[in-house]
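K.L.:
Chains U and Z are the protein sequences, given in the same order.
All the letters of the first sequence, read from the start, carry residue numbers 17 to 275 under the working numbering.
All the letters of the second sequence, read from the start, carry residue numbers 116 to 159 under the working numbering.
All the given hints hold, so there is nothing to weed out.
Derived Cβ-Cβ restraints for the label pairs, each shown as a range:
| no. | chain 1 | residue 1 | chain 2 | residue 2 | range |
| --- | --- | --- | --- | --- | --- |
| 1 | U | V62 | Z | E155 | 45 to 53 Å |
| 2 | U | R107 | Z | E117 | 48 to 56 Å |
| 3 | U | G169 | Z | L119 | 38 to 46 Å |
| 4 | U | V47 | Z | E117 | 30 to 38 Å |
Reference excerpt, derived from the structure (chain U facing chain Z, CB under 7 Å, subset only):
| no. | residue |
| --- | --- |
| 5 | T39 |
| 6 | A53 |
| 7 | I76 |
| 8 | L135 |
| 9 | I139 |
| 10 | F238 |
| 11 | H245 |
Source of the hints: derived by calculation from the structure; they are not laboratory data.
Keep in mind that this is a model prediction, so the values were computed, not measured.
Yeah, the Cβ is synthetic: ideal placement off N, Cα and C, and Gly gets one too.
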Amino acid sequence: MAVTTQPVQTERPATGRVTATGTRVTRWLAVACWLGAGWLLLAGLVLSPPDVVQGDSVRIMYAHVPSAWIAYLAFVVTAVSSAAYLWPRTRSLTWDRIAGASAEVGVLFMGITLVTGMLWGRITWGVFWQWDPRLTTTAFLFVTFAGYLAVRGLGGSHEQRARRSAILGLLAVVEIPLVHFSVVLWRSLHQEASVLNPNGDVQLDGFMLFTLFTGVLVFTLFYLWLVLHRQRVLWLQDHHDDSGLDEALSARRAEEGTP
Amino acid sequence: MEDLGFIAASYVLTLGSIAALARWTLRRGRRLARTLRREELPWT
Numbered sequence: 017m018a019v020t021t022q023p024v025q026t027e028r029p030a031t032g033r034v035t036a037t038g039t040r041v042t043r044w045l046a047v048a049c050w051l052g053a054g055w056l057l058l059a060g061l062v063l064s065p066p067d068v069v070q071g072d073s074v075r076i077m078y079a080h081v082p083s084a085w086i087a088y089l090a091f092v093v094t095a096v097s098s099a100a101y102l103w104p105r106t107r108s109l110t111w112d113r114i115a116g117a118s119a120e121v122g123v124l125f126m127g128i129t130l131v132t133g134m135l136w137g138r139i140t141w142g143v144f145w146q147w148d149p150r151l152t153t154t155a156f157l158f159v160t161f162a163g164y165l166a167v168r169g170l171g172g173s174h175e176q177r178a179r180r181s182a183i184l185g186l187l188a189v190v191e192i193p194l195v196h197f198s199v200v201l202w203r204s205l206h207q208e209a210s211v212l213n214p215n216g217d218v219q220l221d222g223f224m225l226f227t228l229f230t231g232v233l234v235f236t237l238f239y240l241w242l243v244l245h246r247q248r249v250l251w252l253q254d255h256h257d258d259s260g261l262d263e264a265l266s267a268r269r270a271e272e273g274t275p
Numbered sequence: 116m117e118d119l120g121f122i123a124a125s126y127v128l129t130l131g132s133i134a135a136l137a138r139w140t141l142r143r144g145r146r147l148a149r150t151l152r153r154e155e156l157p158w159t
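For reference, chain U alone in the conformation it holds in the complex (with noise of 0.2 Å):
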């Protein structure tokens, strides 16, 4: 009787204890992501000085701007990758699955700007919202980022969805800049950009510059994260559409009785 030496080949689902969108390098990703988020947490809310004309409300800076940072480098990426798809030699459905998950974690972001924003409005001006040039755009750009992940979950098929909104996500990311500017182009209650601004005049102490970095640098991890396994949930949907389809047409095809 012979004896056979070689492991047997199991197969393996694609669930268990290891999740199913994640990879080595996800894992180690996740894990710089929260060992970042607890040292922002010290820096932000103990280490770092009360601002002298804000006080302690400066603290939500360290949230705020690196949220708002976030979302425009999501809408641009979202924007690249429509033209990426757009463009008949790099056309493919990888760029639309990027350009889709880079709006979704960008409208996530910009949420949170949004609230954050809000609730150091409540300190600083009194309220929570104002229909000021900056509150407004940035409303504009949330509602409209929005509106195109209302668009893709549209009928029709991969192509159709890809096409009318990578259309969509170049004409979109045209706001960024009307966004940025509105404290400059008109008057507003917002105050200007004290990193960004027009002059290059960085006007913060080097800790909260360093601390407002590190709020930057971990979103960005954050944002990478988030793309890696959005994009990747992204291709087992359209998978698992397609196979829906093909069990739908056999079925159809059983039924008239043709191959």
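Go by the hints and put chain Z onto chain U.
P.N.:
Below, chain Z without anything else, positioned relative to chain U:
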């Protein structure tokens, strides 16, 4: 610390909403991948 409630709320909402999206994404991925073998996933 002045206005501690507003400051704490901003951090809780920020990290909480990121954690919520992360958790939902992982659960959704796991549910969608149920019918696939790990070898079929292009990123593995």
